[in-house]
Amino acid sequence: MNSVIFLTIVLLALSSYFFGRKKAILIQSNKRLTALPKFYGYYLAIWCGAPAFLLYALWSIFEPSIVRFFILSDYSSQGLLEGELNLFYEKVKSLSRNQYSGELTAELQRSAEKYLNFRDIAKWSKVVIVLSLLIASTGYAYTKISNNTKTREPVEIFLKGVFFLSSLAAILTTIGIIFSLLFQTIEFFQVISLFDFVFGMHWYPAKAFVRDASEALDPSMYSDTFGAVPIFAGTFFIALIAMCVAIPIGLLSGIYMAEYASKRLRQYAKPVIEILAGIPTVVYGFFAALTVGPFLKDLGLSLGLEVSAESALAAGGVMGIMIIPFISSLSDDVITSVPQNLRDGSYAMGATKSETIKRVIFPAALPGIVGSILLGVSRAIGETMIVVMASGLAANLTLNPLESTSTITAQIVVILIGDQQFGDPKTQAAFALGLSLFIVTLVLNIVALSVVKKYREKYE
Amino acid sequence: MNKIEAKNVDVYYGAKQALFDINMDIEANKVTALIGPSGCGKSTFLRCLNRMNDVIDICKVSGVVKINDYDINQKDTDVVRLREKVGMIFQKPNPFPKTIYENISYGPEIHGIAQSKSEMDNIVEESLRKAALWEEVKDRIHEPGTGLSGGQQQRLCIARTISIKPEVILMDEPCSALDPIATAQIEELIDELRKEHTIIIVTHSMSQAARVSQNTGFFHLGKLIEVGSTDKIFKNPTQQQTQDYITGRFG
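Protein chains in written order, with the numbering used here: chain A, 160 to 619; chain B, 1329 to 1579.
Note that these hints are calculated values from the structure, not bench results.
Straight line, CA to CA, 27 Å or less: simulated DSS-like cross-link-like pairs of lysine-lysine:
1) B:1394 <-> B:1413
2) A:512 <-> B:1426
3) B:1560 <-> B:1358
4) A:517 <-> B:1420
5) B:1413 <-> A:512
6) B:1445 <-> A:512
7) B:1420 <-> A:512
8) A:190 <-> A:303
9) B:1344 <-> B:1394
10) B:1493 <-> A:512
11) A:517 <-> B:1413
12) B:1493 <-> A:517
13) B:1394 <-> B:1493
14) A:612 <-> B:1420
15) B:1445 <-> A:517
16) B:1426 <-> A:517
17) A:182 <-> A:303
18) A:422 <-> B:1344
19) B:1426 <-> A:613
20) A:613 <-> B:1420
21) A:422 <-> B:1403
22) A:512 <-> B:1394
23) B:1466 <-> B:1523
24) B:1335 <-> B:1551
25) A:512 <-> B:1403
26) A:613 <-> A:517
27) B:1420 <-> B:1388
28) B:1426 <-> A:612
29) A:303 <-> A:181
30) B:1445 <-> B:1458
31) B:1420 <-> B:1344
32) B:1388 <-> A:422
33) A:512 <-> B:1388
Take a look, some chain B residues computed to stay more than 12 Å from chain A by CB distance:
34) 1388
35) 1390
36) 1397
37) 1399
38) 1403
39) 1443
40) 1463
Idealized CB from N, CA, C, for every residue including glycine.
With the rest of the complex left out, here is chain A (with noise of 0.2 Å):
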């Protein structure tokens, strides 16, 4: 039903900038008008279908909470509580769908006929008042449109309005998204000490397992259990790792595609680079964990070293291949965007190209660079699935590339994955990890675009 109504909107609305078009054609016969006849189509349209589709928006918004209110207070003089009262209102739900399998009380019975009951009413009245709002609107605006009604101005602010509300709608997720994180891990804090977090040097989550869901929360039986600083260590470590491998390999191939490639060779071998880009880094995670991994592990026993099937050394490497395509292409855009002529001007001065590039176009894109670097670095800080596959789930503090260690990602998926409730300190750790990795790659983001900005004014 709700499709349809939507459907007959659009498609009014649609017809309507034809007759609205058609008026304006007709008028323009004798009179001049104010605007082209297609701004009176859209005058016409937007008449038609805003007003209708905003109220048949707000309306399926609040109708489920009216139509609840209604059939529960005949209840609210029994001074039933919150959660019995909701308990009620799903069975009513489900009885009148013909899922319910449970007691069936007079009660219930009369409650879910008259649930029904509402329900169709609001349907019928929702098209009724809806329709008619629309061919109230269309009407009125139709009846409007003479050769003087000004339709470009309203025309503009409603396409205003529509930018606005996109934009606004991108703000609100972000903001939404930062508060829950924020409230989740304000609670987590309240039954772990935020030092214990920051400095505490055991990171056992599955201990808080063992908890029964009816036990009274002990803060004390956590006090080793969420200590942060052996996955941040491994995911900085792993990180690291990963920039050994994609700043060198990145910023050398980045300079040889802007300053040696020949036209030819870079118009094939870029895309080529930037495939890398567009891999599935979940297919980067099994290459670290069936080839790379086990590769190592095999190199490492023919030397005589002891190496983990699941290493750093396999997850940041691989993790490295994956960035060297952001770090090649944007340094490649970079030195590019240096001007031509500092390069000629280091030419004449009889410097080499090597010296040219070391010398002025390197110090030039500098700033460049390091922001290409910065964002590299909040990639490999936020990767996860590399992490997962490669590196091993166990929380070790190790300094050593052939052990296995874990990172701020993937200590969330192993949180979040299976069972799992909310109010739970092992599920909010997962929330308090979110917001502490958030702000990491936030600030680094930060500093590298305001390195890249101050870039920008650089040669004026």
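Use these hints to put chain B onto chain A, whose structure you have.
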């Protein structure tokens, strides 16, 4: 004595011929101006003299360009040595995004001219003095060269070029991005530099050519129409085309 002799120089950009059989002699320690309408090939010819056309992939140069009687268009010419001897100033001031000091020390460093820090300091100061910039920047030579005004930047580029004592300085419309006062300063400087360097200047402004040069070459559609002393070219040209251009009938 002729510092530079160009014989039968042709230049192609891809399939398009930009210069046709240029023959031109350039005298030492004089200022030679190259004039002509836009796209006539005067900048292209200038770039033949220090092989800056090498930088452009599609550009092909043929013919002989002799500097000090040595043909620079040979395959085994050391371009680094050539450009050490033949410096160039560009249309738009292009100081490196480094400090004023580093801008000047760049050339001496890559050519290994200065042996010590104090020697380098001397070169920097001397170059800035010769470029008539020292008094203005002596208190801030460790600040970025890009922070200077347009005219100062261009003089910085001149100081940078003369820091390695080139024999020839090529100037590609060096004043076209500058205001009249800065232009006057650069012109004065050019006259000063002539004592130690041979200067070839491409210019759009005929009055500038008349003011600064001793010899003038007039280019049109990729051909060298007429060359001679500036006095003669401006007062008594032999070619009708030159006459028309000078008097502003076309171009």
